[in-house]
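2 protein chains.
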Amino acid sequence: MNESLLLEKKVFLFDLDGCIYHGHRASTRAAELIAFLRGENKQIRFITNNSTDNAIDIQDRLLNMGIQVATEEIITATDYIGLYLKERFGEIKVKVVGSIGLKKSIIHHGHVVLDDFSHERAEVIIIGRDVTFCYEKLKMVVNEEKRGAIILGTNMDAAHPGLNGEIVPETGSLIAAIETITSNPIMTFGKPSPYLFTYGMESCDVKASECVMIGDNYDTDVVGAMSLGISSVWLTDVSINALKYEASDTIKKIVKFKSIEDFYMAVR
Amino acid sequence: MNESLLLEKKVFLFDLDGCIYHGHRASTRAAELIAFLRGENKQIRFITNNSTDNAIDIQDRLLNMGIQVATEEIITATDYIGLYLKERFGEIKVKVVGSIGLKKSIIHHGHVVLDDFSHERAEVIIIGRDVTFCYEKLKMVVNEEKRGAIILGTNMDAAHPGLNGEIVPETGSLIAAIETITSNPIMTFGKPSPYLFTYGMESCDVKASECVMIGDNYDTDVVGAMSLGISSVWLTDVSINALKYEASDTIKKIVKFKSIEDFYMAVR
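For the protein sequence lines, the chains are A and B, in the order given. Be aware that the first sequence starts at 1, since it is given in this note's numbering, and climbs by one per residue. Be aware that the second sequence starts at 1, since it is given in this note's numbering, and climbs by one per residue.
You can trust all of the hints, since none of them are fake.
Within a straight-line C-alpha distance of at most 20 Å, the following computed EDC-like cross-link-like pairs (lysine to aspartate or glutamate) qualify: (1) A:139 with B:136; (2) A:139 with B:166; (3) B:139 with A:166; (4) A:42 with A:205; (5) A:10 with A:32; (6) B:139 with A:136; (7) B:93 with B:116.
Pair ranges (Cβ atoms, derived): (8) A:237 with B:163: 48 to 56 Å; (9) B:183 with A:8: 33 to 41 Å; (10) A:63 with B:88: 52 to 60 Å; (11) B:24 with A:92: 36 to 44 Å; (12) A:112 with B:35: 53 to 61 Å.
Don't read these hints as lab results, they were simulated from the structure. Positions of the beta carbon are idealized from the N, C-alpha and C atoms, including for glycine.
Here chain A stands alone, though its shape is the one from the complex (with noise of 0.2 Å):
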């Protein structure tokens, strides 16, 4: 895709961290730049893989930045696992090891959540970044499995960057646990995933053609969109594998730009 075409797609879908935020700190011109496409009748949807906040939690965080946001225009793996087990489930009796913030979003959808180690019987249990993770939660996920619950994670994130370039142990590395054990793959919803892209195009109503991700993952957040054909736009700044795909050949097809800030000075 050519720069100069940017400003005809109608959907402009963001990753949040790492792209419109660091953490707690809002890139820079990243209010301007949401300001300034609302102003051009763009719709706007936000696409993360953070499973341990949902759409409310995320959307007083960007509020504390200066970005005013519809919870409709958040989607997360969080929100949208309740809704994918209901719709092919219906409502269900499921194990969560994860965040309050994922246990309130399954509860929302309608699905009843058992105590961890609860004698009964879980149909479904998801996996998301569980800071309270454990070896007895691990026994206990793989003897569900074996009894016949299906598993199912949120996202397949390993790790992420955290303060002082910590690191933060993600969903992944809690899934990669689980199936050794099992040797059976778990199906994600995050980024490269077609899931939350695919909900993010329907609730705009649009075809692939017209939107573009912004976001600074290539795994996640380019690699997912190409493989629906949606266009790209990859901030290398901040990325944390830009040396990775310096030299592939699709890179070629993506618009590359440093930063939020040089984005929103090419489109303004």
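Place chain B on chain A using the hints.
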């Protein structure tokens, strides 16, 4: 190897769980087999991937089954790793994600075991089966690795069968969670790695051709022994992976018995 040549071997290396005993129950005729081999002046070693119990714990367990064994005859991943560290690095500062037995064994070899969350940096972090494994330990390990600590694992088994067929997560699943984040393979000492076999042979002062390994797990006992040129007796009755290998070519080279009892009946 031909079955009739078994008694020409000088050293009998036995796996423990699934071979000599199942949990806290001795295998039928296990005591008689060991007594018979001692009567034939055979040297005996027990080689186990157990990363929770050390040789003294296992000596007690065997004694309760009527099998008298010297601690020197029991070779565990738990005990070996402290010795390896001493030979390779001298006496060092270590963090241990594992059992009290593993920690005691490391200390026994002269190393300093730091508290799990001590700010003091460890030179090496050892991963064993840890029923107190948790998210914060996972985070500690990957961040210590980032700062330069070497991570070593006792064994790579993903799980083992517990009471009533329950799945008991093992060291290998915890290692998978870590490796998924660090992208660095973790070296392990248990079977099928050569370390414990080699240590067993050296302690008996024999060559591989003078030994036979008896075990139920093809992937660890048989594969490990074969890679060193040690003959194998494979106990198929309790094997968790018998079917997987039934058709393989190498299987024709190894002696198969259903159980320790059948093995005893054939050699006595």
